[in-house]
Every structure is written in C-alpha cells, then in structure tokens.
Amino acid sequence: MDTRELLSHLAKLENGLDDFSFTELSTAEASALKRTFASFKHGLEEKVFGASISVPSSDVKSKQYHVDSKVQGTFQESTLIANVSHEIRTPLNGVLGFIDLLKDTSLSSKQSELVTALDKASNNLMDIINELLEYSKLAAGHEKFEKVPFNLANMIGEVAFLCKTLITSKDVLFKVHIDKSIPEKIIGDPSKLSQILLNLLGNAVKFVDNGAITLQVNLKSNKKNRVHLEFLVSDTGIGIANDKLKHIFDSYAQAESDTHLKYGGSGLGLSIVKEIVDNLKGCIAVNSTLGKGTTFKVILPFQKVDLLTDDFLPKVKENDTSREIDLTGKRVLVFEDNIMNQKLMENRLKTWGCDTFITDNGIYGLKLLENHQFDIVLMDLRMPKMNGYEITERIRQSKDSTISKIPIIALSADFSATDKKECKTIGITDFILKPYNAEELKGVIYDHISKSSAHISNSGTTSTKNDKALVNIEAIYAECMGQSELLDELVRLFKQNIFEFIGKVKMHLQSSNFQGIGFAAHKIKSSLKMLEATSLLSICEKISEVCKTGNDKNYLNFLYHQFLDEYPNVEHQIDEQIERLSPNNP
Amino acid sequence: MEPRKILLAEDDEMLASLLKYRLEKEGYAVTVRSDGKAVKQDISAQLPDAIISDIMMPYFSGIELVDYLRNNLKSDIPIILISAASNEENVISAFKLGANDFIAKPVSPSELLIRVSKEIERFYRT
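Taken in order, these protein sequences are the chains called A and B.
Mind the numbering: the first sequence is residues 1 to 586 in our numbering, read in order.
Mind the numbering: the second sequence is residues 587 to 712 in our numbering, read in order.
Isolated chain A, as found in the complex (with noise of 0.2 Å):
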C-alpha cells in the first residue's frame, strides 16, 4: 500500500496549520491544536517511517517465507496498515476536536477562511485514513461477513433516502426500481450490501451534474434455497474511458491522475466494493461511454428464507395503517454509534415530531437519563466501549422507578435466537430488526409509550411530577404593591423576554455562537428567578454550564428542545395564577 498519498495530506495539513499560526490569533486553541497536531504527525511519522525501516531487515531474515506466500504477505501487510491507520485515527480526532474549537473563537474572516481549509484538509485525511482501514481490514480477512434474514424492500428504501440527501442538484433525478418477483425477505450480509450500493451510488452522484442516476434490482436467478440478484447502477455522468475501465477496481487506481483534483476521494472506493463483492463470492462489472455514462453490474447470492429460519424473526407487529399514531413530543433516547444511522434516525423521529436526543457514548445517554424524563430508549445492541447490553443493565439497575422502568428497545442488524434470550433476560422490553421499516418502528415506539404511560398513570407516580408548580408569581405579585396591570405587564414582557431568548438560541446554534447562547442563557435567568420558573431556570443553568465548559452542541440542542417543550406548560400556569390572583376573582 502507498503512503505517499498519506503523507502528501499531511504535509498540505502542516502548511496550512502553519499558515494559520502566521496570522495573529495566539489563544490557548491555537498553541494546543499546534501542540496535537505536532504529537499527531511524530506518531505518524514513526508508524509510517518506522515501519518502513524495520521491514528491510525483517525481510532479510524472512525473505523466504515472503516469496513463499505472497498472500500471506499481503496478509502481514494489511495488519499493519489496520493497525497504523487505527493508531493515526486518535491524534487526527484531536486534531479534528481542536479544529472545531478554533471555529468557535472569534475569527477574523481570514482565519475563519484558514481554519475552514484546515478543517476540510483534516476531513479529507480522515476518510482516507478510514477507508485505509477498511480495505486492509477486508483484504486481511478481519472483516465478518454476517448471514442474517432482511427484508431487501426496506435497505434499498433506506440506501436510497440516503443518496436523495447526497443528492444537491436539481437538476439530477434518482430512480429505483426493484423486480417485483424478488422474495421479500432474504438471507444475507446487509450492511455490506448497502455498502456497495452506498459507494456506487456515491459515485454516481459525484460524477453527475445534470442527468439521472438509476437504481435496479432484478430476480437473476431463483432456485430452490437461493437467489441471485442483479443490482444496476447507472448514471448519465461523464462516463470513463475504454483503456481506464479495465483498471478501475485497482486499488489507487482512479481513472484519470487529475480526477482526485477535480471529484477527491482516495481512489479506494471501488477497491473496497470489489473486495466484499469477491468476499459475498458474487461478481462486479462496469460497462461505460465517454460522455455517455456508467453502469455498474453487480450480481451476488442470497440464501431464501423458509419457515424454519423465518421462526427466528422478530415478530413485526402487525400494524393497522389505518390507526392514527401520534408520537408529538415524546422524547427519545437513541443509543447508536454509526453516523449513518443517527443520521436516518434523527431525521425519522424529528418527522413524526419526537424529542431526539442521540449518543454513542452510554456513560453520558445514562447522565442523560437521570437529569431529564425520556418515553423511551432505542438502543443499538453493539455499540464500541459500553456495549447495548451492558447499558440495558445499568438502567434496569437504576434506583428511580421511572428510570429502571423506561421501555428499552433494542435495534440490531441481526438476532440470532439466543440474543433474543439474552434480551429478555437483561430487560430488554422489545426489538427490531434492522435495516426495518418507518412505520414498523413507529407502531412499535408508539405500542410501548402508550403500555408504559397507562401503567405509570395507573400507579399513580407521574401525576405529581407534571402537576408541580412550574412557576410561582405571588413573590412578584407582591412587589407590584396590588398593581395588577403592572402585573400584566410584567408578565407580557416576561413571555417577550423568553421569545427572545429562544430566538437567540436558535440563531446561535446555527451560528455554533456558545458564547452568544451562553450570554443569552444567563440574561433570561434573573427573569426566571422572579417568577420563580424552576424547571427552566434549570435548564438554563445547564445551558449556560455546557456553554462555559465546552461545546456540546447535541446537547445544547437537546436542552434547547426540552426549554421549548416546557415553556408551554410554564405559560399555561403564569396565565393560570394570573386568573386567580385577579381582583376580580377573589
């Protein structure tokens, strides 16, 4: 494997670091990201050069065996670049964290330029480093390949609401179509399958500008226990040239030397889809004309589904598409690592109107759990660092009743029929199989809110929680010395102050302004004092904590949601004991 495309990135990275460093700015950011990146490159440079010198040496010893078993060398070469890219990942995470925290200092439009530079330069780095990975991981034999039932239907639906955000032209159209005599469910590797469709589709809408990019699934063959399908991937874009095409599953190997300069990328995408292609054992073929367009042909086997395997499906609920599901203002907390999901995720949950909040880490989603109320947690059974199970546990073990309590449901790309065992043992209250469908989710998000609301309310413990005083004017009533129109107008400019309060807020959180929120939170509290609004005076506590200790902009975001969803109620209660503290109501 070439590093030089490696260290090529790195040294425009340096160059930029150093060109920022040149302008003014010297605050504690600058001196520290200086100071990772420095950290960042010496590792770099002592896993890329110090594995280069060591080789000559070992191969004088094992020259043999290398000429011997040229797959074991690529096998021996693969691990390392696995490890080096694992190891470069956490100081470039750094570097990428400080980046972020320079963007939130005040900068000068030339810094902001040079930061923004530096900020895609180290992205760039990074998805190279990533896709390193996984291409060596592949060719080593690391990566697993799972065998599990799916319903094809719902992963290209998901594959294709992801390329539609892909897509930013107008002007491109996007088409899928899917053999209706497929089975419905099959027997495969999912995710490895939205990758390869992910990364042709990627492509497809790189290298299009105006035309249209089609997606189609058709029954190959259909015999007794298994299928082939055939996936087409075609594109109207500027298409690649006879000579280049019979290269274009090479690994580095982009069709022209000057198409990275122009589309980016490190030339390994079509490497990598070649590699779980061979490794499904199905086959991949390209067929292009020069300003024509691309179709990519892939062909791989799928085991059927029959009624024994079927058995260990997760029951889909079955849901009447008829019954009015409203799930407005629930609050959910999604435990899920893969960016790609949260992604889906969020942005399903935000259309049915539910408060999300999305973490990958389980210490701070169980910090989460314990400050604010949630109606429910979707969790992610294999997460890195703490996994779903473990988490399960920590809440079922949790002492407040409306935290053990909480419905959990576990979402898993596979279940074999002792996982389901397991989550029943540890508490898991139900599951869905991914990739699932909307409404799937939605029936079953909605099923277990409505159980666990009607056996809370039947015990009686919430009640208390949502008719405490959220609010209390008497105090201020009193300083009006029985002005109650100084009340009223008190009160009005009160309502004004958190309109503009929220206003701020989301101006500021789409400026990333921490300082501005932080500012913002801190005004609104003296007003909040006087009325004594407590469960909003501690949100803002909290917000203006988060804003003077770091950047956390999820959970801004999260606090910023919880204030909007609570300040109804606050207002209804002002309004409340306004009626009564009125003269005319004695």
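It is worth saying that the hints were derived from the structure and are not from the lab.
Hints should not be assumed to be uniformly reliable.
Have a look at the derived ranges for each label pair, beta carbon to beta carbon [unchecked claim]:
(1) B:Tyr645 / A:Pro568: 30 to 40 Å
(2) B:Asp621 / A:Lys548: 16 to 26 Å
(3) B:Lys623 / A:Glu545: 26 to 36 Å
(4) B:Asn658 / A:Ala475: 37 to 47 Å
(5) A:Asn93 / B:Lys660: 35 to 45 Å
Please read these numbers as outputs of a predicted model, since none were measured by experiment.
Backbone N, C-alpha and C fix where the C-beta goes; we use that ideal spot for every residue, glycine too.
Use these hints to put chain B onto chain A, whose structure you have.
Chain B only, in chain A's frame:
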C-alpha cells in the same frame, strides 16, 4: 423639593419596569436606559443624582461605567451595581473602581430601595 434623578441602566425590560415603578413610587425621577452606549452619552451630557446599573450591559459594561464615571468624569455620585452572577471578581473590581454598593439578582426591589436611599442620603446630606 425637586425629586432626585436616578439613571437606571438595565437591559432586562421586565426587571427595569418593575424597578422603575417602585423607585417612582418612592418619589424618584427615573430614566431607564437599556444599553451601555446610551448610558455613557447620557451621563456625559448631564449627570443624574444616582446611578443603578446592571453589570452585564451591552456595549459598555457596568464595570466600565464605574471606571468612566470616577476616572473620566471625576464624579462621586452614588452608583449601585446589579448582577446576576455574584461573580466575586466582578464585584471586587467594581468596588475597587469606586462602586458604592452591589446587589445580586434576583433583585428584591424593597432591598434595592433601602440601599438607594441610604447612599443618596449619605452623599447629599453633607
């Protein structure tokens, strides 16, 4: 006797109107200003008898105001600061620069009235 003139610098309209009402009820003539620039212009043109100012004011903070009043305008009129954060550093620097008193938010209007009348009496009695 003409009523004492008080400049109230507070950008929170709600608090400002409550305090204005209570101060006027007490017999003061109150002018409210909601940003630091306006306060600076006002006092440069004509000094009030006393100033009540929030520390966190847009454009020109209460601390800057104390500094400007004492060191540029060389005036000794009473100035009382209000701040939500009882940020000790702020309070200390305000006193060092010559603020007469300090009151933390949430402001109790009755307490503020007592502090204001105390400062005014002490300053104008002599």
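Tell me the hint numbers this structure goes against, listed in increasing order. 5
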